[in-house]
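Student: Respectively, the protein sequence lines represent chains F and X. Take 1 as the starting number for the first sequence in this note's numbering and just add one per residue. Take 365 as the starting number for the second sequence in this note's numbering and just add one per residue.
These are calculated hints, taken from the structure and not from any lab test. Just so you know, not all the hints are guaranteed correct.
Keeping only pairs whose Cα atoms sit at most 16 Å apart, straight-line, the calculated EDC-like set for lysine to aspartate or glutamate is [claimed, not checked]:
(1) F/Lys267 to F/Asp63
(2) F/Lys2 to X/Glu392
(3) F/Lys22 to F/Asp261
(4) F/Lys184 to F/Asp63
(5) X/Lys366 to F/Asp31
(6) F/Lys295 to F/Asp261
(7) X/Lys386 to F/Asp63
(8) F/Lys184 to F/Glu60
(9) F/Lys322 to X/Asp409
(10) X/Lys417 to X/Asp620
(11) F/Lys2 to X/Asp395
(12) F/Lys295 to F/Glu21
(13) X/Lys366 to F/Glu28
(14) X/Lys417 to X/Asp395
(15) F/Lys2 to X/Glu694
(16) X/Lys366 to F/Glu287
(17) X/Lys655 to X/Asp620
(18) X/Lys686 to X/Asp625
(19) F/Lys22 to X/Glu385
(20) X/Lys673 to X/Glu651
(21) F/Lys139 to F/Asp165
(22) X/Lys386 to F/Glu21
(23) F/Lys22 to X/Glu392
(24) X/Lys686 to F/Asp45
(25) F/Lys53 to F/Asp31
2 protein chains.
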Amino acid sequence: MKTNVLNFSGGPGALPISVLEKTQAALESVDDTGVSLLGMSHRSDWYQELNAKAQSNLRELLDIPNDYEVLFLQGGGSLQFAMMAMNFLKSSHQTAQYIVSGYWSAKAPLEAMAQGQVEVIWSGESEGYRRLPTMDDLKNRVDPRAAYLHYVSNETVEGLAFSNDTTPQAQTLICDMSSDLLSKPIEVERYAMIYAHAQKNLGPAGVTVVIIQRALLERAQPHTPPILNYLAHSNANSILNTPPVFSIYVLKLVTDWLIQDIGGLSKMAVINQAKANCLYQAFTEREDFYKIHAKPPHRSLMNIAFSMKSVEQERSFLQLSKQQGFLGLEGHRSIGGLRASLYNAVSLEACEELARFILDFQSV
Amino acid sequence: MKTNVLNFSGGPGALPISVLEKTQAALESVDDTGVSLLGMSHRSDWYQELNAKAQSNLRELLDIPNDYEVLFLQGGGSLQFAMMAMNFLKSSHQTAQYIVSGYWSAKAPLEAMAQGQVEVIWSGESEGYRRLPTMDDLKNRVDPRAAYLHYVSNETVEGLAFSNDTTPQAQTLICDMSSDLLSKPIEVERYAMIYAHAQKNLGPAGVTVVIIQRALLERAQPHTPPILNYLAHSNANSILNTPPVFSIYVLKLVTDWLIQDIGGLSKMAVINQAKANCLYQAFTEREDFYKIHAKPPHRSLMNIAFSMKSVEQERSFLQLSKQQGFLGLEGHRSIGGLRASLYNAVSLEACEELARFILDFQSV
Chain F
1 MKTNVLNFSG GPGALPISVL EKTQAALESV DDTGVSLLGM SHRSDWYQEL
51 NAKAQSNLRE LLDIPNDYEV LFLQGGGSLQ FAMMAMNFLK SSHQTAQYIV
101 SGYWSAKAPL EAMAQGQVEV IWSGESEGYR RLPTMDDLKN RVDPRAAYLH
151 YVSNETVEGL AFSNDTTPQA QTLICDMSSD LLSKPIEVER YAMIYAHAQK
201 NLGPAGVTVV IIQRALLERA QPHTPPILNY LAHSNANSIL NTPPVFSIYV
251 LKLVTDWLIQ DIGGLSKMAV INQAKANCLY QAFTEREDFY KIHAKPPHRS
301 LMNIAFSMKS VEQERSFLQL SKQQGFLGLE GHRSIGGLRA SLYNAVSLEA
351 CEELARFILD FQSV
Chain X
365 MKTNVLNFSG GPGALPISVL EKTQAALESV DDTGVSLLGM SHRSDWYQEL
415 NAKAQSNLRE LLDIPNDYEV LFLQGGGSLQ FAMMAMNFLK SSHQTAQYIV
465 SGYWSAKAPL EAMAQGQVEV IWSGESEGYR RLPTMDDLKN RVDPRAAYLH
515 YVSNETVEGL AFSNDTTPQA QTLICDMSSD LLSKPIEVER YAMIYAHAQK
565 NLGPAGVTVV IIQRALLERA QPHTPPILNY LAHSNANSIL NTPPVFSIYV
615 LKLVTDWLIQ DIGGLSKMAV INQAKANCLY QAFTEREDFY KIHAKPPHRS
665 LMNIAFSMKS VEQERSFLQL SKQQGFLGLE GHRSIGGLRA SLYNAVSLEA
715 CEELARFILD FQSV
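Same shape as in the complex, but just chain F (with noise of 0.2 Å):
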């Protein structure tokens, strides 16, 4: 398959070409059933067994305890912001806390407000987003009480990613790990809820993996509606109603291939953490030339923000990045600038070339 392989795109992001090519045989007929994949049934017995294999290859990446449910729901992190209040906050008296350490952070509190109480324990924003909170930001700060805690791991717009070690800690924490979700292992067990939408590194946009814990699930606020609980879901095995076939379909692809092609998540980390420092080691080789917007020790791995000294250096350099076949290389337009996206699908020959690129370039 001849595709575009220097996909730097903030995201839907690029997929394995192994992935697509499956995908478009399956368009024709899914699994040698002779039916393509948009005409089955997700009642079929076919797709009960898709349901069950996509389940238990994220409980294989992660090493998802029994005590958690694995569901694929839609609607997007955002609908997830909306769902996680309607279910944990709403009617429980208590306070949701937020971590704001940037753009997609900040909205998820605003899809809450109407259930509850809600309130912002620590916000980046006056510091323009640069760097994430410390241990020491977060003394004193989390309320053992409060409904859960909710934070994002890793900041598309802004290039900001927590680590393990300073990850933030709660009774009940709930993580959006929309971008950095299978890029690396992780410990489920630190959260009560983690969720992701595909379309970074698990597939197309359109399904969204929720994992979450029993003991947070039966607290679901019953009178939810059926389609925005997480426990009405949980009960139905994910096909309350019809499901995103398609996406699901897809994701299981792609988890295939984070299995048997690069041999789990630890590879994957080792292939992300030499591709993004192949790319910050050029930026920081032309330091008089290239800004990352990110303070050193909260850099993500799976995005980039960068400026240039003028609006006319970017615009340059977008162009000639597009004539030699980068895409998606344009800045975030909440904050402008330039952004490189490394997701899983992005190898490191592409990353390789796009240092060359970076360290060659020669604005007009």
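Model the placement of chain X on the given structure of chain F, informed by the hints.
Tutor: For chain X alone, coordinates are given in the frame of chain F:
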């Protein structure tokens, strides 16, 4: 492309082969961009054009008046059941009225209950959902002060459909057309809101089309979380967060096919009428053998639910039909029996082949 064309599944339903072929090509490079459909950013110019074209195709096919907006949402019909109540019933001090004429319309008030006062003005449950309400049944029941009146135009499970003459009338009429939108022309101005998930006649599961009058949009309750607020989606032109790009792309191809290959909805309606006629005729010729669930004046052109004299006969019918390549003829698990779904992409030839099978079948 060699894919099963005898797919009579209740949904996700079959799609036209030419659409599947174009989708295959787009997985490698969509619209000559060199980029995979699954790696395309929803903030690209390409996506802006796709979004506009999918909307304008729907406007053209359905002759949608200018004071209606076309939205692309996620979550299927079930999320609409909840959203309409969150937006138009909650805090309104009004009652929301419902017609319960089958499996799906019975679910709608359950998703709305937590938001306010819900009233079922007619239910076919005690009659086993074999007929729809007449004008007399509804007389004096429809409250002009109600937040809205909700009904389902085509009951997929039971094979019941409202006709032009039996369509309910109300101040604020909301209709779930999930299983018959785009199967025939409709008068959009009769409705304050029409919605349909894609996986019958519109495209693959994962996107839901909402056609909503501006006057209703403006009634959206401001405290609804933005991601569940119709007005917020409309203000963002359906790109409030990452849309299900794949499903919307295929929907665009399906609507292209309806315009260019079929020649519009009047022509599609003629074909659909012929398809249904040939099957109903076959059943009638052998009415000693097959029993159609729905009473004659309310029979659907999209779904025919039928049964035989014994479960053994039905099992034998299913087994033999599968051997001959027919697919998806199982009845819905809620009523059992058998069902043939005749969505747009099921050809007249496929229906004729099924009619022959129905006429020839001898139970063992």
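Student: Go through the numbered hints given earlier and state which of them the structure violates, listing their numbers in rising order.
Tutor: 6, 7, 12, 15, 16, 17, 18
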